[in-house]
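Protein chains: 2
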Amino acid sequence: MRIAVLGGDGFVGWPTVLHLSEAGHEVHIIDNLSRRWIDTELGVQSLTPMDSVQERCRIWHELTGRRIRFHLIDLARDYEIFKAWLTEHRPEAIIHFAEQRAAPYSMKTDRHKVYTVNNNVNATHNVLAAMVETGIDAHLVHLGTMGVYGYSTIGAAIPEGYLPVDIAKLDGEKVEQEILYPTRPGSVYHMTKSLDQILFQFYAQNDGLRITDLHQGIVWGTHTAQTRRHAQLINRFDYDGDYGTVLNRFLIQAAIGYPLTVHGTGGQTRAFIHVQDSVRCIELALGDAPERGDRVKIFNQMTETHRVRDLAEMIAGMTGAKVAYLPNPRKEAAENDLIVKNDQFLALGLDPTTLAEGLLEEVVEVAKKFAHRVDRSRVPAVSGWTRELGSRVERDPEGKALREVG
Amino acid sequence: MRIAVLGGDGFVGWPTVLHLSEAGHEVHIIDNLSRRWIDTELGVQSLTPMDSVQERCRIWHELTGRRIRFHLIDLARDYEIFKAWLTEHRPEAIIHFAEQRAAPYSMKTDRHKVYTVNNNVNATHNVLAAMVETGIDAHLVHLGTMGVYGYSTIGAAIPEGYLPVDIAKLDGEKVEQEILYPTRPGSVYHMTKSLDQILFQFYAQNDGLRITDLHQGIVWGTHTAQTRRHAQLINRFDYDGDYGTVLNRFLIQAAIGYPLTVHGTGGQTRAFIHVQDSVRCIELALGDAPERGDRVKIFNQMTETHRVRDLAEMIAGMTGAKVAYLPNPRKEAAENDLIVKNDQFLALGLDPTTLAEGLLEEVVEVAKKFAHRVDRSRVPAVSGWTRELGSRVERDPEGKALREVG
Ligand SMILES: NC(=O)c1ccc[n+]([C@@H]2O[C@H](COP(=O)([O-])OP(=O)(O)OC[C@H]3O[C@@H](n4cnc5c(N)ncnc54)[C@H](O)[C@@H]3O)[C@@H](O)[C@H]2O)c1
Ligand SMILES: NC(=O)c1ccc[n+]([C@@H]2O[C@H](COP(=O)([O-])OP(=O)(O)OC[C@H]3O[C@@H](n4cnc5c(N)ncnc54)[C@H](O)[C@@H]3O)[C@@H](O)[C@H]2O)c1
Chain V
1 MRIAVLGGDG
11 FVGWPTVLHL
21 SEAGHEVHII
31 DNLSRRWIDT
41 ELGVQSLTPM
51 DSVQERCRIW
61 HELTGRRIRF
71 HLIDLARDYE
81 IFKAWLTEHR
91 PEAIIHFAEQ
101 RAAPYSMKTD
111 RHKVYTVNNN
121 VNATHNVLAA
131 MVETGIDAHL
141 VHLGTMGVYG
151 YSTIGAAIPE
161 GYLPVDIAKL
171 DGEKVEQEIL
181 YPTRPGSVYH
191 MTKSLDQILF
201 QFYAQNDGLR
211 ITDLHQGIVW
221 GTHTAQTRRH
231 AQLINRFDYD
241 GDYGTVLNRF
251 LIQAAIGYPL
261 TVHGTGGQTR
271 AFIHVQDSVR
281 CIELALGDAP
291 ERGDRVKIFN
301 QMTETHRVRD
311 LAEMIAGMTG
321 AKVAYLPNPR
331 KEAAENDLIV
341 KNDQFLALGL
351 DPTTLAEGLL
361 EEVVEVAKKF
371 AHRVDRSRVP
381 AVSGWTRELG
391 SRVERDPEGK
401 ALREVG
Chain D
1 MRIAVLGGDG
11 FVGWPTVLHL
21 SEAGHEVHII
31 DNLSRRWIDT
41 ELGVQSLTPM
51 DSVQERCRIW
61 HELTGRRIRF
71 HLIDLARDYE
81 IFKAWLTEHR
91 PEAIIHFAEQ
101 RAAPYSMKTD
111 RHKVYTVNNN
121 VNATHNVLAA
131 MVETGIDAHL
141 VHLGTMGVYG
151 YSTIGAAIPE
161 GYLPVDIAKL
171 DGEKVEQEIL
181 YPTRPGSVYH
191 MTKSLDQILF
201 QFYAQNDGLR
211 ITDLHQGIVW
221 GTHTAQTRRH
231 AQLINRFDYD
241 GDYGTVLNRF
251 LIQAAIGYPL
261 TVHGTGGQTR
271 AFIHVQDSVR
281 CIELALGDAP
291 ERGDRVKIFN
301 QMTETHRVRD
311 LAEMIAGMTG
321 AKVAYLPNPR
331 KEAAENDLIV
341 KNDQFLALGL
351 DPTTLAEGLL
361 EEVVEVAKKF
371 AHRVDRSRVP
381 AVSGWTRELG
391 SRVERDPEGK
401 ALREVG
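Chains as they are written, first to last, in full-length UniProt numbering: chain V, 1 to 406; chain D, 1 to 406.
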């Protein structure tokens with residue numbers, strides 16, 4: 001298949017590109033490299049030393065004889081360029097990772113909010129409009145997030161996108177209908193994924209586009225079968241306060257002998273998936289495309305849930321690190337349950353790597369191995385979620401003010 | 001009160017500005033005049049001769065001694081300028097009309113789709129982000145549309161924004177919850193209003209912004225008490241295939257002796273409100289602001305519903321015009337019922353002008369009076385809703401091809 005991977009230079013995009021190239025597909029990366037620019041803006045870098053996308057593609061070619069083509073296009077701004085690209089290359093599938101994906105970054109300042117909405121909504125809408133305009137019948141696979149469900153105020157298990165509800169008709173009789181799960185995003189970033197959902201619903205209904213939306217949990221892990229093949233194919237590993245997920249931050253804290261900082265009670269439950277499984281899920285979703293005229297197909301792309309404090313204890317147990325509790329900068333419920341359905345991927349044959357099995361490798365092969373590269377000033381960073389919270393001061397585990405935040 | 005009217009040069013914005021100025025408020029118009037530019041793009045003009053916004057404000061001042069200030073700002077592009085404006089003027093209320101509002105225009109070409117999404121989402125989000133950033137505790141009143149509800153597939157009366165549904169919890173017990181009505185927008189324009197809803201939900205919840213969203217029906221009528229006071233204060237009247245509502249188009253067809261063209265069976269039911277009532281509703285909503293921390297307050301701003309063919313017959317009855325049935329360019333159900341709740345405005349004292357009472361004045365005072373200004377080539381125009389429909393040919397009532405469409 002000819003596949004366009006939008007955002008193929010990113011953390012999940014890059015291993016997906018390699019996996020699909022190895023599987024024999026003709027893979028094209030479209031990326032504006034904004035993520036690398038944001039590293040520069042924030043003055044941070046991947047823990048793992050990361051080469052340019054051009055160099056990575058060259059090494060892959062040297063190693064395997066396969067070509068991955070890279071096209072520098074800003075999907076949010078260069079509508080006409082992307083349309084021309086589509087017309088020329090006519091991909092059979094398009095995988096769309098190309099959005100600003102950090103919740104803390106999206107809440108940093110008004111400029112970051114405006115950027116995130118503008119970038120993500122326009123990128124997604126431009127892709128849809130260009131697909132309709134060029135008449136390309138590609139299967140669009142989008143990476144969404146579990147965060148569109150928001151805090152599970154409903155007390156029901158989280159279904160795969162659509163929730164059955166009973167609605168009273170005019171005569172009082174109740175009828176069951178499946179509706180898009182009522183969204184309650186908790187950050188501007190998550191909100192943009194809720195907006196994406198409405199865009200997809202419209203274009204599937206009005207123009208018959210074939211769309212799969214993957215509501216993904218937090219991706220952890222660094223290596224896949226392909227990234228392991230050469231030091232310079234290694235995936236990025238973010239641990240700063242904006243892009244570093246809670247798990248990566250624990251790993252780094254443990255590696256440098258800093259306490260694992262848990263916000264609030266650590267009672268928030270989060271959904272997780274290993275990057276190798278994420279890549280595999282995308283392949284499974286590609287092979288299970290909806291038909292023209294179908295509603296958007298939604299999968300929950302996650303394999304297990306954990307409370308944040310349990311994760312911290314797990315890593316503390318493996319490494320001997322201490323756990324420290326700090327106030328929560330996010331505006332969210334202190335404790336939440338999260339019961340998530342993921343039957344569809346299991347039915348398609350997904351065999352997950354669990355945290356319990358895979359985490360030690362991350363500790364040893366990644367966090368400890370590259371610990372000398374850690375920028376310690378990045379370890380306690382955090383963005384405030386509202387103006388009041390934003391002006392709070394971040395404190396270290398002993399209560400000493402580390403720096404003003406927001 | 002100091003009130004900013006975003007999009008105050010538009011069809012509903014202008015009479016709102018005059019109404020609020022007359023009521024003693026300090027009114028500021030913020031507009032990028034894009035609607036006038038679109039007239040130029042399409043080569044169309046208002047049936048009623050319309051002066052520049054500066055000239056209109058000057059005449060109002062001459063007549064009443066009151067000042068209306070005009071500020072040329074593009075809300076979608078000039079975030080920093082708008083933020084500086086807010087900081088300087090600190091309005092107590094912001095009324096937000098500033099979006100591209102024609103469904104056919106939003107579906108014309110991919111360029112128009114991209115423009116509409118970009119303009120509307122960024123305008124709304126920039127307003128919200130700037131309100132949070134400047135810490136202005138203004139009440140935001142937004143003009144939404146009945147179109148966010150979409151085709152009433154549910155078979156229930158359309159509530160005011162929130163729908164009560166029963167949801168099965170984990171243990172099987174069903175609990176009632178109110179959710180945002182599951183949106184099913186029928187055009188890119190309507191879709192942007194669905195996106196706005198999610199933006200409002202987030203900013204009300206995360207930042208405590210006080211927001212009212214008015215889901216408005218089709219606005220008809222030209223005059224209000226204030227626009228009548230001087231020939232040069234007259235409101236705009238659109239009748240072209242993009243901006244002209246179904247009712248305005250019937251009025252013009254009748255005025256020039258053309259048959260009233262009904263698309264499909266004319267069985268689509270639409271909700272209507274007179275512009276004088278629309279202006280009054282906005283004033284009522286201003287006086288009924290939600291509290292900080294409340295969810296978004298949603299009103300249905302409409303006063304009656306009619307099937308399109310019944311409207312045609314009503315106008316045919318008043319004018320002697322014929323009715324002609326043509327294929328429908330929109331992708332929508334041929335016949336639909338529409339039962340809409342609007343209890344909240346009635347409870348606040350709204351006393352509606354009905355079509356049956358007010359329509360004759362439109363026929364005589366507007367359509368016939370300015371019939372000499374009608375551009376006849378604009379009467380049959382239509383935008384295709386999908387690529388297939390878009391390439392259809394528009395036919396006159398006798399079946400003669402009038403022009404290629406799309
Ligand atoms: N990493 C996770 O834990 C996780 C969890 C859930 C969902 N997701 C989703 O998966 C997708 C990929 O995540 P990731 O971790 O790889 O993110 P990433 O930031 O590492 O990668 C995103 C890539 O998209 C590119 N991009 C952004 N805007 C673009 C634009 N306008 N035009 C072209 N390219 C653009 C960036 O340069 C970057 O290379 C995202 O959409 C994200 O929301 C990720
Ligand atoms: N007219 C109707 O029948 C109707 C029905 C339902 C809802 N509405 C809603 O009411 C609002 C007003 O409708 P209208 O008929 O007066 O529309 P209009 O097009 O006449 O007025 C909109 C005004 O907003 C301005 N504008 C657009 N984008 C802007 C931007 N980025 N920055 C600054 N100004 C901008 C335009 O120049 C114009 O003056 C719209 O939001 C519309 O969706 C209208």
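Source of the hints: derived by calculation from the structure; they are not laboratory data. Check before you lean on any hint, since a few could be wrong.
[What the hints assert, rightly or not] Computed cross-link-like contacts, EDC-like style, restricted to lysine to aspartate or glutamate with a CA-CA straight-line distance of at most 20 Å: (1) D/K341 / D/D288; (2) V/K169 / D/D137; (3) D/K331 / V/D294; (4) V/K169 / D/E160; (5) D/K174 / V/D337; (6) V/K331 / V/D343; (7) V/K174 / D/D337; (8) V/K169 / D/E357; (9) V/K83 / V/D207; (10) D/K368 / D/D351; (11) D/K174 / V/E173; (12) V/K331 / D/D207; (13) D/K169 / V/D207; (14) D/K169 / V/D351; (15) V/K331 / D/D294; (16) D/K83 / D/D137; (17) D/K341 / D/E160; (18) D/K341 / D/E313; (19) D/K341 / V/D337; (20) D/K174 / V/D351; (21) D/K369 / D/D351; (22) V/K169 / D/D294; (23) D/K174 / V/D294.
Hint check results:
1. At most 20 Å may separate the alpha-carbon atoms for a hinted pair to count; D/K341 and D/D288 meet this at roughly 18 Å.
2. The straight-line distance between the Cα atoms of V/K169 and D/D137 is roughly 39 Å, outside the 20 Å bound, and the hint therefore fails.
3. For the hint linking D/K331 to V/D294, the alpha-carbon distance of about 16 Å falls within 20 Å, and the restraint holds.
4. The straight-line distance between the Cα atoms of V/K169 and D/E160 is roughly 15 Å, inside the 20 Å bound, and the hint therefore holds.
5. For the hint pairing D/K174 with V/D337, the CA-to-CA distance comes to about 18 Å; that is within 20 Å, so the pair holds.
6. A C-alpha spacing of about 31 Å is found between V/K331 and V/D343, which places the hinted pair above 20 Å, so the restraint is violated.
7. Distance check on the hinted pair: V/K174 and D/D337 sit about 18 Å apart at the alpha-carbon level, within 20 Å; holds.
8. For the hint linking V/K169 to D/E357, the alpha-carbon distance of about 32 Å lies beyond 20 Å, and the restraint is violated.
9. Between V/K83 and V/D207 the alpha-carbon distance is near 17 Å, which keeps this suggested pair within the 20 Å criterion.
10. For the suggested pair D/K368 and D/D351, the alpha carbons sit about 28 Å apart, so the restraint of at most 20 Å is broken.
11. As the CA atoms of D/K174 and V/E173 are separated by approximately 15 Å, the hinted pair is consistent with the 20 Å bound.
12. A threshold of 20 Å between alpha carbons decides the hint, and for V/K331 with D/D207 the separation of about 10 Å falls inside it, so the pair holds.
13. A threshold of 20 Å between alpha carbons decides the hint, and for D/K169 with V/D207 the separation of about 35 Å lies outside it, so the pair is violated.
14. Note on D/K169 and V/D351: the hinted pairing is violated, with a Cα-Cα distance of about 28 Å set against a maximum of 20 Å.
15. Taking the CA atoms of V/K331 and D/D294, the gap is near 16 Å; set against the 20 Å cutoff, the hint holds.
16. For the hint linking D/K83 to D/D137, the alpha-carbon distance of about 14 Å falls within 20 Å, and the restraint holds.
17. With a C-alpha separation of about 6 Å, the suggested pairing of D/K341 with D/E160 holds against the 20 Å cut-off.
18. For a cut-off of 20 Å, the pair hint linking D/K341 to D/E313 is broken: about 25 Å separates their Cα positions.
19. In summary, the hint linking D/K341 to V/D337 is not supported, as the alpha carbons are separated by about 36 Å, beyond the 20 Å threshold.
20. As the CA atoms of D/K174 and V/D351 are separated by approximately 34 Å, the hinted pair breaks the 20 Å bound.
21. This hinted pair does not check out: D/K369 and D/D351 have alpha carbons roughly 28 Å apart, beyond 20 Å.
22. A C-alpha spacing of about 28 Å is found between V/K169 and D/D294, which places the hinted pair above 20 Å, so the restraint is violated.
23. Straight-line distance between C-alpha atoms of D/K174 and V/D294 comes to about 29 Å, which puts the hinted pair past the 20 Å bound.
When each numbered hint is compared with the structure, violations occur for hints 2, 6, 8, 10, 13, 14, 18, 19, 20, 21, 22, 23.
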